[in-house]
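*Asks:* With chain A's structure known, arrange chains B and C on it following the hints.
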Amino acid sequence: MIELTTTRHNELIDPIVHVWGWEIPIYLFIGGWVAGMMILSGYFFMKGRGKEYHCVCYRIPLLALGLITLGMLALFLDLEHKFYVWRLYTTFAVKSPMSWGAWLLLLLYPTLFIIFLLQVPDWISTRWPILHSWSQKLRSVKAITKIVGMVNIVMGIILGTYTGILLSALGARPLWNSAILCILFLVSGLSTAAAMVHMIAKERAERELLARADNLFLFMELLVLALFFIGLLSSTNVQIQSAMLLLNGPYAAVFWVFVVLLGIVVPLFIQNLAVNHKIIHTPVSPIMVIIGGLILRFIIVSAGQFSHYANAHFIR
Amino acid sequence: MSSSQTSDPFTPKPYWNPYLSGIGLGLVLLAAFVIMGRGLGASGAFSSAVAFVVEKIAPSHAHSNSFYAEYLGDGSTNPLKDWLVFEVIGVFIGGFISGKLAHRVVRSVEKGPRISTRKRLFFAFVGGGLMAIGAKLARGCTSGQALTGGALLNFGSWAFMMSVFAGGYAMAYLVRRQWT
Amino acid sequence: MNAPWYKYGLFNDEISLVVAVLIGIGFGFFLERAGFGSGRKLAAQFYFTDMTVLKVMFTAIVTAMVGLYYLSVIGYVDLSLVYINPTYLLPQIVGGLILGVGFVVGGYCPGTSCVSAATGRYDGWVYLLGFVAGILFFGELFPLVEKFYVTTDMGKVTLPQLLNLPYGLMVFLVCAMAIGAFAAAEWGEKKMAAKNQGEIK
Numbered sequence: 001m002i003e004l005t006t007t008r009h010n011e012l013i014d015p016i017v018h019v020w021g022w023e024i025p026i027y028l029f030i031g032g033w034v035a036g037m038m039i040l041s042g043y044f045f046m047k048g049r050g051k052e053y054h055c056v057c058y059r060i061p062l063l064a065l066g067l068i069t070l071g072m073l074a075l076f077l078d079l080e081h082k083f084y085v086w087r088l089y090t091t092f093a094v095k096s097p098m099s100w101g102a103w104l105l106l107l108l109y110p111t112l113f114i115i116f117l118l119q120v121p122d123w124i125s126t127r128w129p130i131l132h133s134w135s136q137k138l139r140s141v142k143a144i145t146k147i148v149g150m151v152n153i154v155m156g157i158i159l160g161t162y163t164g165i166l167l168s169a170l171g172a173r174p175l176w177n178s179a180i181l182c183i184l185f186l187v188s189g190l191s192t193a194a195a196m197v198h199m200i201a202k203e204r205a206e207r208e209l210l211a212r213a214d215n216l217f218l219f220m221e222l223l224v225l226a227l228f229f230i231g232l233l234s235s236t237n238v239q240i241q242s243a244m245l246l247l248n249g250p251y252a253a254v255f256w257v258f259v260v261l262l263g264i265v266v267p268l269f270i271q272n273l274a275v276n277h278k279i280i281h282t283p284v285s286p287i288m289v290i291i292g293g294l295i296l297r298f299i300i301v302s303a304g305q306f307s308h309y310a311n312a313h314f315i316r
Numbered sequence: 317m318s319s320s321q322t323s324d325p326f327t328p329k330p331y332w333n334p335y336l337s338g339i340g341l342g343l344v345l346l347a348a349f350v351i352m353g354r355g356l357g358a359s360g361a362f363s364s365a366v367a368f369v370v371e372k373i374a375p376s377h378a379h380s381n382s383f384y385a386e387y388l389g390d391g392s393t394n395p396l397k398d399w400l401v402f403e404v405i406g407v408f409i410g411g412f413i414s415g416k417l418a419h420r421v422v423r424s425v426e427k428g429p430r431i432s433t434r435k436r437l438f439f440a441f442v443g444g445g446l447m448a449i450g451a452k453l454a455r456g457c458t459s460g461q462a463l464t465g466g467a468l469l470n471f472g473s474w475a476f477m478m479s480v481f482a483g484g485y486a487m488a489y490l491v492r493r494q495w496t
Numbered sequence: 497m498n499a500p501w502y503k504y505g506l507f508n509d510e511i512s513l514v515v516a517v518l519i520g521i522g523f524g525f526f527l528e529r530a531g532f533g534s535g536r537k538l539a540a541q542f543y544f545t546d547m548t549v550l551k552v553m554f555t556a557i558v559t560a561m562v563g564l565y566y567l568s569v570i571g572y573v574d575l576s577l578v579y580i581n582p583t584y585l586l587p588q589i590v591g592g593l594i595l596g597v598g599f600v601v602g603g604y605c606p607g608t609s610c611v612s613a614a615t616g617r618y619d620g621w622v623y624l625l626g627f628v629a630g631i632l633f634f635g636e637l638f639p640l641v642e643k644f645y646v647t648t649d650m651g652k653v654t655l656p657q658l659l660n661l662p663y664g665l666m667v668f669l670v671c672a673m674a675i676g677a678f679a680a681a682e683w684g685e686k687k688m689a690a691k692n693q694g695e696i697k
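Residue numbers (our numbering), protein chains in the order written: chain A, 1 to 316; chain B, 317 to 496; chain C, 497 to 697.
Please keep in mind that the hints were generated in silico from the structure rather than gathered at the bench.
If you're wondering where the values come from, they're calculated on a predicted model, not measured in any experiment.
Ideal Cβ placement from N, Cα and C applies to all residues, glycine included.
Mixed in with the good hints, there may be bad ones.
Derived CB-CB ranges, DEER-like [claimed, not checked]:
id	chain 1	residue 1	chain 2	residue 2	range
1	C	Phe633	B	Ser432	21 to 27 Å
2	B	Arg430	A	Ile280	26 to 32 Å
3	C	Gly664	B	Pro330	47 to 53 Å
4	A	Ala143	B	Thr327	49 to 55 Å
5	B	Lys397	A	Leu104	36 to 42 Å
6	B	Ser392	C	Met688	51 to 57 Å
Bound-form chain A, shown alone (with noise of 0.2 Å):
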C-alpha cells in the first residue's frame, strides 16, 4: 500500500501508457510465424525434397508472401504519419531496430519471390507462362536450389529473432529488456509455422514429420519460457516485478491458461499421441498451436508496456 502520494507514484507524472494496441502483436506474431515457415521451406529445399512434386514447400512461399504483406499493413497502420513511410528507405541508421526493421522486411520480398519460383503452383504458371520459364532456368541449376534454400532459413532466423529484438531493444520496459526474448520469439515462430504448414501439407510421412518438428518446437518453447522468467526473476525488484505481471498478475490468467495450458502443454500431448498412432490425428491441436502463439505476442506486448522502471508498484 502505498499511503502517501509522492510525486513519483502520482499516475500524471509516469503515466501507464499503452500506445500499441493490436497492430503491433499482430505484425510480430505474422512475422514470426513467417519467419518459422521460411525457415521450415529453405529447410526441404536444402534436404533435396524439392524435387517431389506434392511437398509442402511449394505452398508455403505463397502464403508467406500474403501473409508477410498483411503484417505489413498492420505495421503500416499502427504508424502516426502514415505519409513519410517513405522516408525509413531514405536512410540507414545502425542503431535504430526500425531502420533496420523497414530495410529487412524489403528484403524479404525478393528472398520468397525466389523460392517461389522453384515451382510456381500451376494455376499461376497457365496464367503467366513467362514465370514457368523462369522457374525452369532456376532448377537447371542445382546448386541455386540449395543455395535459395539456405538464403530462406538465414534470412528466416534473422526475421524471427528481428521481432523479438524489435521489443528487447526498449530499455525502458524491463518486461522486453531480456535478451532471450528473440529466441522466445523465434521458438514460438517455429511451432506456429510447424502446426500451419502441417495443416496444409498433402503427404502423410511430410505431415507426421513436421508434427514432430511441432512437439520439438513447443517442447523447445516451453524450456525457453522457462529461462525467459528465470532471467527476470534472479534480477532486480523491478524485473521481478515485470515477470509477477504474467506469473501471478493482472496477466496471469490469460498467460498460464492460454499460452501455456491451452498453447503450449494441451497440443503437445495431444500431437504427441497422434505421431505416436495412438489417436487419430486432427487440426484441433495445431490451431490452438497457433491461437497461442498469437496470444503470446498480445501478452508480451500488452504487459511490457504496463510494466515499468519508475513505478514497481504497478501491481496494485
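*Replies:* The following block gives chains B and C in isolation, referenced to the frame of chain A:
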C-alpha cells in the same frame, strides 16, 4: 506404420464403469471444495457470456437489468474473467482429451432411430432454451445445484434435484420417439 | 484449519482462474469417461434402460460429501467457508421441473452439452445455441419474473439444519439412500433388459 493396423485401432472404447467415473467426478468436486471453497457449475459461465455481449451492444440496457448487472459486476474487471467461464473452458478441454484418448470424438448427432436429424436438432435447441430458463430460475443447473449443492446437503438443491427427475420422467413419454 | 485454500489467501484471483481451468479439465474428463457426452446415454435414464446418470451422480455426491465431511471432522476444511447457494424453494422447484423437461427434450444439461460439443456432437452445439438463446430470453424478460425469483427466500439452509439432525447422521442417511438407489437401479436395468429381450423375441 505399425503392424497393429490390421484391425482398426481407432474404434471407440467402452465407457468407464459408472461408479468409477462417479468417484472421479466426486474427487474433482471435493478438490474444488478444498482448493476454492466452492463447487462446480456450468450455466453461470454462459450467463456471463450473454451479459458481456448484451453490455457491448446496449450498455445502459444491460446495467438497468438486475439479471445482467449481477454478472457484469462493478465494471472493474472483464465479466469474462470469471471463475465459471474459465472452468467451462476446462470442461471443453477435459471432455475433448478424454474423448480423444478413447477415440470417441466423432462428428455425429445423438438421436434415436425413429427421428430425423433435423427434428433432433430442433429438439436440442428447444431443450437448451428450456434448460436455460429452468437453470436461471433455480439459480443453477445440474452441476451447480444438484451435484454441488447435493454434496453440501443444501436443502434447496435437493428439492431442485427431485423436481428435475420429476420433470424429466413426466416428459419422457411425450418425447420417446426422439430417443427410443 | 487450512482449507479452503483460496479463502485462506494461498493464491490470488488470477491464479484462481488457472485453478478453475484445471478443475474444469477434471470435470470434463470424468463426465466424458462416464459417457455423458452422449445424449442417448443421458436420456436413457428417463426410460429406465440405462441408469448411468443416477449412478454417476450419486456416487459423485456421496464421494464429495463423505470426503468433505471427513476433512471437516479432522479439522482440515472450514465448512463454514465453503459457499452454499441460498434456498429459494418455489423458484427452485419450478426451475427444476422446467429443467427436467428441457433435459429429456434437449438430451443434455449445460455441463454435459459442453462435453458433447467438444467430442463433435452437432446436437451438443445446437443445444448450447439454444441454451444461450434461452438465457437471453430469460434475461430480457427478467423484470417480469423478478418478484417470483425472490419468493420463498429461506436463506442458506442445509438438510441437517432443516431437519435438526447431526451433520454426520445426515451424511450417513444420504449414503444409505444412495446405496438403496444403486441397488434399485441395477435391479431395474436387469428387469428392463429382460423385458426388451422379450419384446425382440
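*Asks:* Each hint needs a verdict: does it hold in this structure or not?
*Replies:* Status of the hints after comparison with the structure:
1. Phe633(C) to Ser432(B): 21 to 27 Å: 26 Å, holds
2. Arg430(B) to Ile280(A): 26 to 32 Å: Check passed, 31 Å falls within 26 to 32 Å.
3. Gly664(C) to Pro330(B): 47 to 53 Å: Once the Cβ atoms are compared, 37 Å apart, the range 47 to 53 Å for Pro330(B) and Gly664(C) is violated.
4. Ala143(A) to Thr327(B): 49 to 55 Å: 51 Å, holds
5. Lys397(B) to Leu104(A): 36 to 42 Å: 37 Å, holds
6. Ser392(B) to Met688(C): 51 to 57 Å: 54 Å, holds
Hint violations for this structure: number 3 only, all remaining hints satisfied.
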